[in-house]
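Heads up: the sequence lines are chains R and Y, in that order. Taking the numbering used here, the leading residue of the first sequence gets 240, the next gets one more, and so forth. Taking the numbering used here, the leading residue of the second sequence gets 4, the next gets one more, and so forth.
The set of hints was computed from the structure by calculation and includes no laboratory data. Incorrect hints may have been included.
Stated by the list, open to error - Straight-line Cα separation of at most 30 Å, DSBU-like style, residue types lysine-lysine; simulated pairs:
#1 Y:Lys59 with Y:Lys224
#2 R:Lys289 with R:Lys242
#3 R:Lys289 with Y:Lys253
#4 Y:Lys162 with Y:Lys224
#5 Y:Lys241 with Y:Lys253
#6 Y:Lys241 with R:Lys289
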Amino acid sequence: MTKAPRGIGLGFRVGMAERFLEEAPEIVGWVEVHPENYIGRGGRYRDYLKRAMERWPVVTHGLSTCLGDTDPSDAEYLAQLRSFLGDVGTPWHSEHLCFGSVGGAALHDLLPLPFTEEAATLAARRLDEVRSAVDVELAFENVSYYAPQPTEMGDESGLEEATFCAEVLERTDAKILLDVNNVYVNSQNFGFDPRAFIDRIPPERVIQMHVAGHFVRDDGLRIDTHGSSVCEDVYDLLDYTLRHVGPVPVLLERDNDIPPLEELIAEVERLDAIYQRATAEAPRAAVAP
Amino acid sequence: MSEQTLAEREATVARMCLAPTPATEDLDTLGSPDRWQIYRRMVRARMHRVCETALKLSRAAYGEEAFTKLVDEWLAAEPPTTRFFRELPNQMARWALSDEGRLVEPAHLRDLLRYEDALWAVRAEDDRDLPEVVDFSFEGVPAFNPSSRFLPLEWGVDKRADDGSVEPLEGALLVYRTAGFTVPCMRLNPLAAAIVRELRDAQEAGRAVTEAVQRAAASEKRAVDQKFIESLSGLLEKLITRGIVRGCLK
Ligand SMILES: [Fe+2]
């Protein structure tokens, strides 16, 4: 399937695959998969992927090639990744602006980078490295974080992370997968204006977006769980962002407490309504890769 | 501003996540210890959860508390090196089994862990892009599907009484994946176990099926008579129709 992803996509997860594949809801325009779940794996996962590829454009989103890792790149894995991305026919691939592996230990989490020169330089170098290894358009995703980070991005308005992302974009020709929920979660946890964050991201560099639900602890701290429905503020921020960046494909991520398909589809429908309205009125046409 | 280099900072975070208890010094270096402990909990909870899911029988046999301690010990001693999340339980099991002094009670625990480790691995085993095979013949070198595991165990851990107890096993177990992606277990009597073992070795060593069969007969001190041939063809038929043996190498 070489059709371009358009409109609203859904994170393809084995937990909901059976019914999703069977019903193939029309409203879902494309799906996103994590290569790590399929590379070197046979059995049921592969079967599901094959069926998904027959029905939708598939976009890949990595979990383990973190752009802030200081460990050397894993050339063998990058070769496997390249071949997987080719098989799937993804129009672009994304990884996270974070670290996840240290001294050979894989922590299986998205750990926050300090907003420093050193981190920006490393991430930019890694983006170039990975980009040439996988040979498709590459984007990085902004992550949620919970611990305050040291910064050299000298900004009084609390927008150090936005400046950091913009700085990384400045240093490479990479794109950004803008996770609107992550922007919102961080804005609430660290007290900045999420719209000001969005404004700081060059719209023409946004290739894809993510929305998801998060968890609010008793003390008010928000944790990016992908385990509940999207909250009203995030819908609003998505509307705002779409008006800023134009018709860029939006993906709903749901990884935990996956509800019945009807509920997921209702969320996709709501996202689609926002998407249609905002992009019809948006000033800018998306830059298709 | 942090005095550490990025690599030092990342190493501090990893230590803080993986140590049995986080060092105060590391938490102080990172700042906001409460917030960093969130990461510690998230990292560890995810790893514990996948081990508990994959190895639930072993966990039940060993005891939940002891199992939790085992996973904690693994994280501190030999943290996961795989980027594939599904492989974490297999890495944990390999580490746990690497020391004979671990998991001594109950007596069948180590076999149970080997069995669950095999079930988990076989479920995900990649069986695409395999070398081409020809029809099975006695002159050929056998070709097994990689999505199977031969387990020469002492305990019949595939069949457990309601109280979790198991009987000693004569022979071996063979775990394999079906075309419908289920992972059943075949019990092999001592002769069948010897044949499967020899067939697997034959694939490794490039030996023909005939030779493997002769070696199995010799090791079990059996004559290759009518009865032997009948058992052999019954076994081979099962191995082939279930896709455990793909045929012979080209
Ligand atoms: Fe995301």
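Exercise for the section: Of all the hints given earlier, name the ones this structure violates by number, lowest first. Expected result: Hint check: 1 fails alone, others pass.
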